[in-house]
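Colleague: Spelled out, the chains give:
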Amino acid sequence: MMPPLIWLHEDCLRASHNLFDHAPEAKAVFIWDDAYMNAMHYGLKRRVFIYESLCQLPVEIYAGDTATSLAQLAQDGRDIITGKTANPALKAIMAIMRENAKLSAIADVPFVQMDSPPDLRRFFKYWNKAKKHAFSYDGRP
Amino acid sequence: MEAQKKTFPDRAALIAHVKSLSPGHDGEPVSDMVGGRIAAEAALAQIDPIAYGASRNYLDGAVTRLSPYIRHGILSLNEVRNHALQMGDDKAVEKFIQELGWRDFWQRIYAQNPDWLWADIEDYKTGFVASDYADELPDDIANGETDSAAMNHFIAELKTTGYLHNHARMYLAAYIVHWRRIKWQAGAAFFLAHLLDGDPASNNFSFQWVASTFANKPYFFNLDNLQKLHAGPVRLSQQ
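So the protein lines, in turn, are chains A and B. This note's numbering numbers the first residue of the first sequence as 217 and each following residue consecutively. This note's numbering numbers the first residue of the second sequence as 3 and each following residue consecutively.
Next up, chain A with everything else stripped away, as it sits in the complex (with noise of 0.2 angstroms):
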């Protein structure tokens, strides 16, 4: 069975993430994606310190549109394991790689781990609830 492709996007830049743990034999690539950061208004400054960062990370960089490319480093059919996000914009890269290839989006390690979902109304709200956990190691219950 082929080893996996890890995709590192720009929202799990470490090593110790948790995604790395699902295929540690893998190969990790991150595309850099000119268009991309143009969509989400990268300057200069930005780009130069994710790309400091990837050059300390076990990962292989290639530049071009992030779908097309990851479509052509995953062609012979092997599965891609990636970090979870919010951002709609990896998402729907993820949405578009579902097509063709079985994507896996791993979480970070919680913040805090609650029983049920807090009220996200107003900040407060959700950190009377929070901070029942926020201060345990490893924000465990």
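Bear in mind the hints are in silico, worked out from the structure with no lab data behind them. Each hint should be verified, as a subset may be incorrect.
Lysine-lysine pairs mimicking DSS-like chemistry, simulated, CA-CA at most 27 angstroms apart [claimed, not checked]:
1) A/K300 x A/K318
2) A/K243 x B/K93
3) B/K127 x B/K219
4) A/K348 x B/K93
5) A/K345 x B/K97
Using the hints provided, position chain B relative to the given structure of chain A.
Modeller: Here is chain B on its own, set in the frame of chain A:
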């Protein structure tokens, strides 16, 4: 496909390579803040969450500058919180951990309501409606050439370093939205273009909080607050 280079003789060579991959961004400044896990761990080792609680609201207070590393997942909120818990009792590090909670709060809203990112969540509570606000950021703000010396100082810092103290962000955001009556979206895009830690959720929802489209009232500031919180020679106005 050919993999890009990852080793460079120095930072200047890395910057030149990034420029070659970033058409149209050649003349822009680069921050002194260095990316990567090594710099992130060094910054984490330097934090003082107890002093942070006491002085974070002052522009020269004990802020941590961890935000760019947290923004891109180079540091997790979990490990930063765990580190802070080792440095003081819960009460002593409460303000610091609460600020981490803000990041978690914005990310949860972002995941639930991605359509809110660039849309007014609620109406403005300023006596004006959205159409009363200009769509575009004027050149004098983009260039840091307004008639306010304090705002020009913040804009220059933002553009040069990619970082602004949280209160400076709030002042500048309020100046853009309330003093100049410009849509918060224009200010949010300006911040995202320059902040190293600019996160769509934290940045845009905070702008909506300042604007009052995600708060019960708008955020304003006054000269007294600005002078009290800034130890340097920043004036609100050049006049």
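Colleague: Each of the hints needs a verdict: does it hold here or not?
Modeller: Do the hints match the structure? See the list:
Under the criterion of a C-alpha separation no larger than 27 angstroms, the hint pairing A/K300 with A/K318 is consistent with the structure, at around 14 angstroms. Taken as a hint, the A/K243 and B/K93 pair is broken in the structure, with Cα atoms around 44 angstroms apart against an allowance of 27 angstroms. Of the supplied pair hints, the one linking B/K127 and B/K219 holds, its CA atoms being roughly 6 angstroms apart against a limit of 27 angstroms. Pair hint A/K348 plus B/K93 holds up; C-alpha atoms about 13 angstroms apart against a cutoff of 27 angstroms.
Taken as a hint, the A/K345 and B/K97 pair is honoured in the structure, with Cα atoms around 16 angstroms apart against an allowance of 27 angstroms.
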